[in-house]
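Visitor: Here the protein sequences line up with chains A and B, keeping their order.
Using the numbering used here, the final residue of the first sequence is 581, and nothing's skipped along the way.
Using the numbering used here, the final residue of the second sequence is 1162, and nothing's skipped along the way.
Note that these hints are calculated values from the structure, not bench results.
Hints are supplied without guarantee of correctness; some may be wrong.
[Claimed, not checked] The calculated lysine-lysine pairs, modelled on BS3-like cross-linking and capped at a C-alpha distance of 30 Å, are:
hint : chain 1 : residue 1 : chain 2 : residue 2
1    : A       : K286      : B       : K702
2    : A       : K566      : A       : K576
3    : B       : K1128     : A       : K547
4    : B       : K1058     : A       : K477
5    : A       : K477      : B       : K702
6    : A       : K275      : B       : K702
7    : A       : K121      : B       : K672
8    : B       : K672      : A       : K477
9    : A       : K477      : B       : K867
10   : A       : K547      : B       : K993
11   : B       : K1128     : A       : K412
12   : B       : K867      : A       : K121
13   : A       : K133      : A       : K18
14   : A       : K91       : B       : K1058
This one's a predicted model, so the numbers in the text were calculated from it and none came from an experiment.
Chain by chain, the residues run as shown.
Number of protein chains: 2
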Amino acid sequence: MNNGVAMDPLADLRTFLKVHGLSGFILPRENRFRSAHLSPWEERLAWLTGFTGSAGLAIVLADRAALFVDGRYTLAASRQIASTFEITEEKPEQWLARALPISTPASVGFDPWQFTPTRLKCFQRASPHLAFKQIAENPVDVLWCNRPVPESPAVFPIDLHCTGCSTQQKHRQILQHVQQLGAQALFLADPASVAWVLNVRTEAPYFPIPSAYALLQETELTVFSNITYWPDVPHCVHHPLSGMQKVLDTAVADTLLLDLDETSCAVYTFLRNAKKQLITAPNPCKALKAIKNVVELEGFRDCHQRDAVALIEFLAWLEQTGPCGTIDEHSAAERLLEERARDPSFRGPSFETISASGPNAAFVHYRVPSTGARFLQSGEGYLLDSGGHYENGTTDCTRTIGLGPVADTHFKRIYTAVLKGLIAATTTIFPRGTPGAAIDSIARQPLWQMGYDYDHGTGHGVGHYLSVHEDPPTLSKLSRTPLELGMVLSIEPGCYKPDVFGIRLENVVEVVPASENPGFLTFSPLTLVPFEPALIEQDCLTREEAKWLHWYHSNIWKTLYSRLSKKGQEWLNTRKTSCRF
Amino acid sequence: MNNGVAMDPLADLRTFLKVHGLSGFILPRENRFRSAHLSPWEERLAWLTGFTGSAGLAIVLADRAALFVDGRYTLAASRQIASTFEITEEKPEQWLARALPISTPASVGFDPWQFTPTRLKCFQRASPHLAFKQIAENPVDVLWCNRPVPESPAVFPIDLHCTGCSTQQKHRQILQHVQQLGAQALFLADPASVAWVLNVRTEAPYFPIPSAYALLQETELTVFSNITYWPDVPHCVHHPLSGMQKVLDTAVADTLLLDLDETSCAVYTFLRNAKKQLITAPNPCKALKAIKNVVELEGFRDCHQRDAVALIEFLAWLEQTGPCGTIDEHSAAERLLEERARDPSFRGPSFETISASGPNAAFVHYRVPSTGARFLQSGEGYLLDSGGHYENGTTDCTRTIGLGPVADTHFKRIYTAVLKGLIAATTTIFPRGTPGAAIDSIARQPLWQMGYDYDHGTGHGVGHYLSVHEDPPTLSKLSRTPLELGMVLSIEPGCYKPDVFGIRLENVVEVVPASENPGFLTFSPLTLVPFEPALIEQDCLTREEAKWLHWYHSNIWKTLYSRLSKKGQEWLNTRKTSCRF
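From just these sequences and the hints, can you work out the full model?
Guide: Rendered as structure tokens:
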């Protein structure tokens, strides 16, 4: 026990390496199920480095240590973690190859539950001279004192009137794809796909997805998890993880399909031990669940209306209270949660709310500190990126507002450029199957013309009461995802000036037919939250952009006015009148 | 001899397959050097199928045969070749996997000089049940009667005042890259890279590049080719292909770098036989020669001016003569060649001129038939896509004009949309390293908004008196090429209505800094040929577009007016005045 003694995780890990004859250890931010959201007891990377972002990887050597983060987190990481770690956007495998060059034969450890064979291969290719060793027990699990206790949130089924498609139907549909690829069964290592097939969710915050694997055979659907209570799902058998090897060994199917990009080395060993023929291909569930069915789309539309009511009530309250200097980022986020929680179909936030005032908004994925949050101040910007899970869908909305009058014309020019990018991407008409990269550059155009850019994607797919970040589709510089009718995704351009301000605007949209042009698609906004007329430089808008804004605000007014409180109605009225461009 | 007897290449090939116990043969349009332009004696695919496009592949089985072409050629192929071939845009490996399913174990032949290991792997992966057999002598070479005789065009060195960089400098620069990748030498299987390093060219039409391989070692540069006369290049030794194995076997270097995507299976066998350690990586010359040096850029600017003079003189002549009904597509192309040939630094056309009138312009890569070419008619459109090689650069320009007054407003609306796309792509400002796909979608926007698209890329890199199509960079829907300062490429949106018309506008541009925004880039047009004021729907242009057009035409006037004939000056004056938007 380390009670009362200063802890040094990095020193402890180095001692572990020395004792075990290892030159290094690679620790990605991953749990056994490759979930986007980790429980506190799974935050091994945060324990080691102090870094709490949602994506990262550390490499610890005897005399050097590095933390690898993407563009969203470089600023946050540099402020959050000790100088003992180099912070870099370099590829970890390239850094390692340089750090342990060819002259030093060495062993580098990793946890096979945290690595896919694909990722391991990247490291092996970059450093063929190194031996990469699977470590049976993750050293962090050995060293971490006062570790949080694992939770096991309850699993429950969701209704056909929300999902629109039964487990049996999905099972059949998936097996057709699997058989076309020459396999008899599918091993699902992706918990979101398992939750989607089985129409089950958990009460876990943000990521309402049970930690489970599944085996889909012609006659049977088997789930593997350590969750104590598993609800009845027709034709589905539940086994603890400890029983997985036996079930795989005795499975009827001879040929198994699996996706190597989402199967950990540990699970891959189970599958190889079972002596089946393994066919590797992308998990077919991902493409299937990306195209939302009519019931899911109807649910998305409905829950976005409910969510917009909560956001508008919050923004109306904030307009009066925010500039007074009595509200901090934390209490603002709490207030928003209260507004959302009034709706009986609300199931919880879809991710940790980014409630960032003034310069804090420049951190793309800012987290409100648990104590000492910044107070909102008049004359500053405030960025709010939040969303909710509802029984019939998921929302994700970002608005940047001015607290009281904002004098900074530069801020307004950037706000307007970000808005123009959002409008350009939303109103684009494009042929079916156009890759996401095409939309990405259209959203960036107005900022590029001013010499600005943002170091994150323009958008991501949104799961249906699953993960708020669902891939495919994506909208990014290199995205090849073909866009198809029925996809739901975010469009969220932004612009960040470190230490000064951050601006991001985000709508969730669905892919719909372009009414006049057969074979062409466009986007229809699901999000129904007004923009800030006071921050728009009207002279910078084209006639078409102004027309679209007017239509967008009128549509919000028509859809939501009668469902708002008096205060909300008054607030919306001011948006409607000042947006009559 | 088949004199006087009707020949049936397909039947002959099938007999060959039967005799040799093969179930099929795969014939890509490739020569031994993977050149873009083939000599008549290398046109094996045309001999077999009748298809004369610049990219394609045939698969012949006992009872089925298919020709695989891309979007540019589907229309042309369907008119050009017999119904004995299925014409499809499907991937050949997928078609083959379906055509010879798992129940029929079979051998399929290919010519190892026509296949890279990478391409072979695609077929093997799609059909693991098939045996792919290297056929030592290509069956077409055995069967083809009355085959054209191989040429051996002379090779000559080009001067430092055109290339800006000596062979020794390039050699040193390349070896640095090679050594960073852990190799001691580079095997170059790409003739364009060989020509670039050695600063040599040939008099071959269109593709002025000798058919040669090269080995670059620290102390020596060795070229392999069957070309009889090879000029003196300092530090460079020339060997016939028959001597290649011996040179490789006795090479000093132990570790060779090679690019598997451009090395044929036949050459790969040579390299493996040499028992060196092989490191595979992209050919470093491609990225190096994509960034043009200052001398090359100066040459590009100069030759585009010379080329524009020829094109303007031609267009002035055509404006008067074209609508009379006395000029056919062939004689128009001949006249253009005469105009270009007046310039002493002109070295020949950079590709076969596309001179397409009326509905013929709907064939994206139309070829004027050698006899019976269509006559140009008043009231119709005329598409001219042509270019020249000059001693200091290469041009590529497409203009679509109206012959006499064009009444069709739809034609004008599309012309205007294509022009808007060209302007949007050209004037875009983007961060360094932006992938080509970003520019592609910007060029397509105006057409997408009208429900149109084009089934070809938006642009390609242009070689410096090398291949007019040089990769990287590319501008296409899936292009990941990062755009960098000093690249030269085409921007060529288009729109095609089968049987009615085709419109394409193409400028060559260079990548330059965006003057006011550090770290950002934009394009500067090298092509100096006016657009058609009579075809522009002025109401559809934004103020910025009109301003750009005015600047573009004024710049042409300032640069070229004094170099034109009286007729050319008069023609340019009408463009200048009618483009004062």
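Visitor: Which hints from the list above does the structure break, by number from lowest to highest?
Guide: Nothing - there is no hint that the structure violates, so all of them hold.
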